[in-house]
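Got chain L sorted already, so can you dock chains U and P onto it with the hints?
Protein chains in written order, with this note's numbering: chain L, 3 to 95; chain U, -5 to 85; chain P, 151 to 670.
A few of these clues could be false.
To be verified - Below, computed lysine-lysine pairings styled on PhoX-like, alpha-carbon distance capped at 25 Å: (1) K314(P) with K24(L); (2) K512(P) with K654(P); (3) K315(P) with K24(L); (4) K655(P) with K512(P); (5) K414(P) with K456(P); (6) K315(P) with K512(P).
Read the hints as simulated data drawn from the structure, not as lab findings.
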Amino acid sequence: MIHTLAIALACAAFLMLALSMKRHQRDLVGRTVPEARARLARIAGWLLIALCWALEGWMLGPALGTIVWIGEVSMGAWLAIAIINWRADRPAR
Amino acid sequence: MAARLLAAIPANYLLTSLATATLARLLWRGLGVDPANASVAAMLASFVMFSVLALVAFGVRSALKLWLWMIGSGAVLGAGLWLSLTSGGRL
Amino acid sequence: MKDSLRQSMALFHTWSGLLLGWLLFAMFATGTAAYFQDEITRWMQPEVTGSADPEASAQGAVRYLNKVAPDAISWYITLPNGRSATTQVYWQPGDGTRGKRGETSAVLDQAGRAITVRETSGGFFLYRFHFDLHYMPVLWARYLVGIAAMFMLTAILSGIVTHKKIFADFFMLRFGKGQRSWLDAHNVTAVIALPFHLMITFTGLVTLASMYMPWGIAANYASPSVFQEQVFGREPAAERSGRAQPLVDLAPLMRAASAGWGGKQVGYISVTNPGDATARVLFTRSPGAAIAARGETAAFAGATGKDLAAHTASGAALATESVMIGLHTGRFAQWGLRWLYFLSGIGGTVMVGSGLVLWTVKRRARLPDPARPHFGFRLVERLNIAAIPGLATGIAVYFLANRLLPADLAQRPDREIDSLFLAWLAVGLWGMVRPAGRAWTETLALAGACFAAVPVVNALTTSRGFAASITNGDWLFIAFDLVMIALAACFLHAAGKVAQHRAKKAAAPLRRTSRKAVSQ
Chain L
3 MIHTLAIALA CAAFLMLALS MKRHQRDLVG RTVPEARARL ARIAGWLLIA
53 LCWALEGWML GPALGTIVWI GEVSMGAWLA IAIINWRADR PAR
Chain U
-5 MAARLLAAIP ANYLLTSLAT ATLARLLWRG LGVDPANASV AAMLASFVMF
45 SVLALVAFGV RSALKLWLWM IGSGAVLGAG LWLSLTSGGR L
Chain P
151 MKDSLRQSMA LFHTWSGLLL GWLLFAMFAT GTAAYFQDEI TRWMQPEVTG
201 SADPEASAQG AVRYLNKVAP DAISWYITLP NGRSATTQVY WQPGDGTRGK
251 RGETSAVLDQ AGRAITVRET SGGFFLYRFH FDLHYMPVLW ARYLVGIAAM
301 FMLTAILSGI VTHKKIFADF FMLRFGKGQR SWLDAHNVTA VIALPFHLMI
351 TFTGLVTLAS MYMPWGIAAN YASPSVFQEQ VFGREPAAER SGRAQPLVDL
401 APLMRAASAG WGGKQVGYIS VTNPGDATAR VLFTRSPGAA IAARGETAAF
451 AGATGKDLAA HTASGAALAT ESVMIGLHTG RFAQWGLRWL YFLSGIGGTV
501 MVGSGLVLWT VKRRARLPDP ARPHFGFRLV ERLNIAAIPG LATGIAVYFL
551 ANRLLPADLA QRPDREIDSL FLAWLAVGLW GMVRPAGRAW TETLALAGAC
601 FAAVPVVNAL TTSRGFAASI TNGDWLFIAF DLVMIALAAC FLHAAGKVAQ
651 HRAKKAAAPL RRTSRKAVSQ
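With the rest of the complex left out, here is chain L (with noise of 0.2 Å):
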């Protein structure tokens, strides 16, 4: 349960840090996003992945969390890597 939660908030930081960077916007919502907004962005997206490690690492401890969380970024980033596939395909439809 722990881990499926986590993996979907790494998945959102992932998009968030997406979404900061100029080429992939329009991909994502269709537009470009304003400076300001892009930096909040970026700022969310590490928070987020930091988020994570505090859960891991309260959860199941230092060491282990440590572990667990490393592998819950490479599945987060899996997926959202395939979210960005499937929206940058639509247009062409």
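Chains U and P in isolation, oriented as in the chain L frame:
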């Protein structure tokens, strides 16, 4: 290319082995770490050293300089190891 | 200069990857399966059900060994845990001979009765193949595997050095987009699981470090056995006194040992000089109870139950080594993390496999005459077929053989292993004689079909088919079937993709070349 390959693999292994042995001696005899931990610490470090050296062997501009540098450090490490082994024995 | 550095690194990455890629692929694939080695063994012994209590199992094992090997030099007992339900015992006969396999070992149930299950090497074989290979001396195999791992480590580092751009282009990675798709598959799997790849390769080297880099130990110790004594506390066994004295009940001792480790369970027991006044019992902590691989130990006098101060090696470097080995083997991992390990391992397998295919894809475009490639190209292409669908088919056939070979076949475990390699060899030969494109489709489809057959054959030959597993809530068997079906789907999908690609290529060879000319 052949000179680099030789440097990156067999010569690298020799040099890394020398460095590992010397480091193990240094940690134990020089810095007072217990011999088991000194040996294992040197062993763990050796893999980092080998892979970095392999990359350096392909990355540096001059193969000649690379070889001179490797032979030089090998001689220094070998001398240090020999001195250390003659001054105090092994368990 | 920058460019030449990049170039030489790229060259190094390509060729070292190609030379050792086939071996690395097999290591990754079987190593990934080995994260579930206990579960695979349970699947391969469908007669064993339920779970067992460690304390009762220890007592049962002692009863069995007292009957079968009362005068042994030593007993070794591997207790059941959350993942396995059987006790494995092994003994060193008193006359000093090394008995044949099966004569000095047994698989027991909780009550200490030898269970007559179909004999199999189970998941253990896949685990051992991962670093010992097969049909060759173990020593050679381990050196080969070590060389491959070292190359992998340098290939990863050179990849990071040369392709820093990959991180900036992280979100540009695309699935299944024409010509770039192989490159992207390689990159996606490499970049996303980079921490895993680095960790698994480095810690893999550490597991066999004293073989690959013995000079650190040799510098301080004239003989490696002195080092081992210091670290593992292996004391030479005391002479038997000849005064018979029965072994005390192990259950209270287990509880005492466990209490000394903050409640972590006992995983292994060894007893030297059982039944003698000099008997010594050594408990080792269960590998599932903590990350570090080298478990804590506790020693007791076997005749009196007196606590003997156990030797425990300590120190930062030893602890680091132990944690690294633990991280590699993942024995500490609970279900969620174990699946993450498994998925990361699949990612690594795909990374190596796609890298191998990439080598041919990149060069095919540059061939002077694509219809008749030169020998080296053909060789790589054929070896790729042998390595990727070949090994996959072999593993599926290994599972099928477990269900289909007669239960009382002589040397059954070896026959199961032989069928894996026969299937692998057959696919390899098939790839040699067929046209390469067609061979890819056929062998991928064959691998898919073999994986798809596993749940079917399981349902037909045991009472633990998919439907029965669902009604019984037998999660291990459900998950095994589902993984087989998922693998089958992936291989069949890949076979379909290759067939589609070939059909397109055959239909429009002209259009393809002209478009490529434009894009370049």
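Next on the checklist: Holds or violated: K512(P) and K654(P), Cα atoms, limit 25 Å.
Outcome noted: holds (18 Å)
Checklist entry - Is K655(P) within 25 Å of K512(P), Cα to Cα? => result holds (16 Å)
Checklist entry - Is the hinted pair K315(P) and K512(P) satisfied, with a Cα-Cα distance of at most 25 Å? => result holds (20 Å)
Checklist entry - Holds or violated: are the alpha carbons of K315(P) and K24(L) at most 25 Å from each other? => result Between K315(P) and K24(L) the Cα gap is close to 16 Å, so the pair holds against 25 Å.
Checklist entry - Has the given pair, K414(P) with K456(P), been kept, meaning a C-alpha gap of at most 25 Å? => result holds (20 Å)
Checklist entry - Between K314(P) and K24(L), is the straight-line Cα distance small enough, at 25 Å or below? => result holds (19 Å)
Hint violations for this structure: none, all hints satisfied.
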